[in-house]
Amino acid sequence: MNTQQINPKNIYYPPGGILLWILIFLELITFGAALIAMMVYGKQAPEMFHTSRLHLNTTIGTINTIALISSGFFMALSVRYFKENNLKKSSLFLKLTMLGGVLFLVLKGFEYYEKMVIGLTLGYNTFFTFYWLLTLFHVIHLLVGLVILAFMQRDLNKNKTKAKLEDVEASAAFWHMCDLIWLLIFPVIYLIF
Amino acid sequence: MEKSLLVKVWVLLVLLTISSALVGNNFPHYRYIIAIIIGLTLVKFLGISFFFMELRKAHAFWKTIIILYLFIFSTIAILIF
Numbered sequence: 190m191n192t193q194q195i196n197p198k199n200i201y202y203p204p205g206g207i208l209l210w211i212l213i214f215l216e217l218i219t220f221g222a223a224l225i226a227m228m229v230y231g232k233q234a235p236e237m238f239h240t241s242r243l244h245l246n247t248t249i250g251t252i253n254t255i256a257l258i259s260s261g262f263f264m265a266l267s268v269r270y271f272k273e274n275n276l277k278k279s280s281l282f283l284k285l286t287m288l289g290g291v292l293f294l295v296l297k298g299f300e301y302y303e304k305m306v307i308g309l310t311l312g313y314n315t316f317f318t319f320y321w322l323l324t325l326f327h328v329i330h331l332l333v334g335l336v337i338l339a340f341m342q343r344d345l346n347k348n349k350t351k352a353k354l355e356d357v358e359a360s361a362a363f364w365h366m367c368d369l370i371w372l373l374i375f376p377v378i379y380l381i382f
Numbered sequence: 800m801e802k803s804l805l806v807k808v809w810v811l812l813v814l815l816t817i818s819s820a821l822v823g824n825n826f827p828h829y830r831y832i833i834a835i836i837i838g839l840t841l842v843k844f845l846g847i848s849f850f851f852m853e854l855r856k857a858h859a860f861w862k863t864i865i866i867l868y869l870f871i872f873s874t875i876a877i878l879i880f
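These protein sequence lines map, in sequence, to chains A and B. Just add 189 to wherever you are in the first sequence, counting from 1, and you've got the numbering used here. Just add 799 to wherever you are in the second sequence, counting from 1, and you've got the numbering used here.
Honestly, the hints are just simulated from the structure, not real lab data. Be a bit skeptical, because a hint or two may be false.
As the list claims (entries may be wrong) - Keeping only pairs whose Cα atoms sit at most 27 Å apart, straight-line, the calculated DSS-like set for lysine-lysine is:
| no. | chain 1 | residue 1 | chain 2 | residue 2 |
| --- | --- | --- | --- | --- |
| 1 | A | Lys297 | A | Lys284 |
| 2 | A | Lys198 | B | Lys862 |
| 3 | B | Lys856 | A | Lys353 |
| 4 | B | Lys862 | B | Lys807 |
| 5 | B | Lys802 | A | Lys198 |
To be verified - Just so you have them, the derived chain B footprint on chain A, three or more residues with Cβ under 8 Å:
| no. | segment |
| --- | --- |
| 6 | 202-210 |
| 7 | 217-226 |
| 8 | 330-337 |
| 9 | 363-374 |
Glycine included, each C-beta is placed from N, C-alpha and C at the ideal position.
Could you put the whole structure together from the sequences, leaning on the hints where they help?
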């Protein structure tokens, strides 16, 4: 069985490529700074942040977190099978990865609908301004990730030589970045206030 | 071998997510409770970056920088509360 390898110990070749890791750190710093700002505002108006937080459905937030974690797990398996040239299983796990992402978006859409119906929109208060901006920005990343994965799936289906390990690892790293961002958003928005 | 390790990490991450949701919903939000929730988040973050993203096989620079990021984020978060 042929295996494809890139030496990840080289500082210039982290899994996914150096440019993507620069992007990942920039994204983490941006979201991290916004979450810190939210915590600072929350400290100044604890009652309002606590009451607003109670309007959120923690069960949906938890299921969404599990969906993204599972999606990341399937992505990791898809990359491992790709490295072993087992494209059939790689493709199967890639589909499951996308399914996890779609489940997240469906539940998020339901949650957004619930909030809009009762008037908890962007301008309702500071908590919901942060809620909408942070989660919508994350959703946009997820949509971009799904488009990238759909192209990867097309390449896997079309021709085994079309998909390259560098591209697969870069797509996977972008998808995992969405997981990482959500892991920071989830406790700050749904749990700590 | 590596795939079974991924399964173990995945199960751990799911359990930690459920635990943090239970802690966040059922305990008063004292500083140490928030520290526990942030701590669970850090473990999950490391699980995804080191195992799913294979950062544990990468150059030490990338591991150090992600740990440094988490250290700064969590320290600021805990200091705020």
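Verification of the hints:
no., hint, result
1, A/Lys297 - A/Lys284, "holds (20 Å)"
2, A/Lys198 - B/Lys862, "holds (11 Å)"
3, B/Lys856 - A/Lys353, "holds (20 Å)"
4, B/Lys862 - B/Lys807, "holds (21 Å)"
5, B/Lys802 - A/Lys198, "holds (21 Å)"
6, 202-210, "holds (count 4)"
7, 217-226, "holds (count 5)"
8, 330-337, "violated (count 0)"
9, 363-374, "holds (count 5)"
When the structure is compared with the earlier hints, a violation turns up for hint 8 alone.
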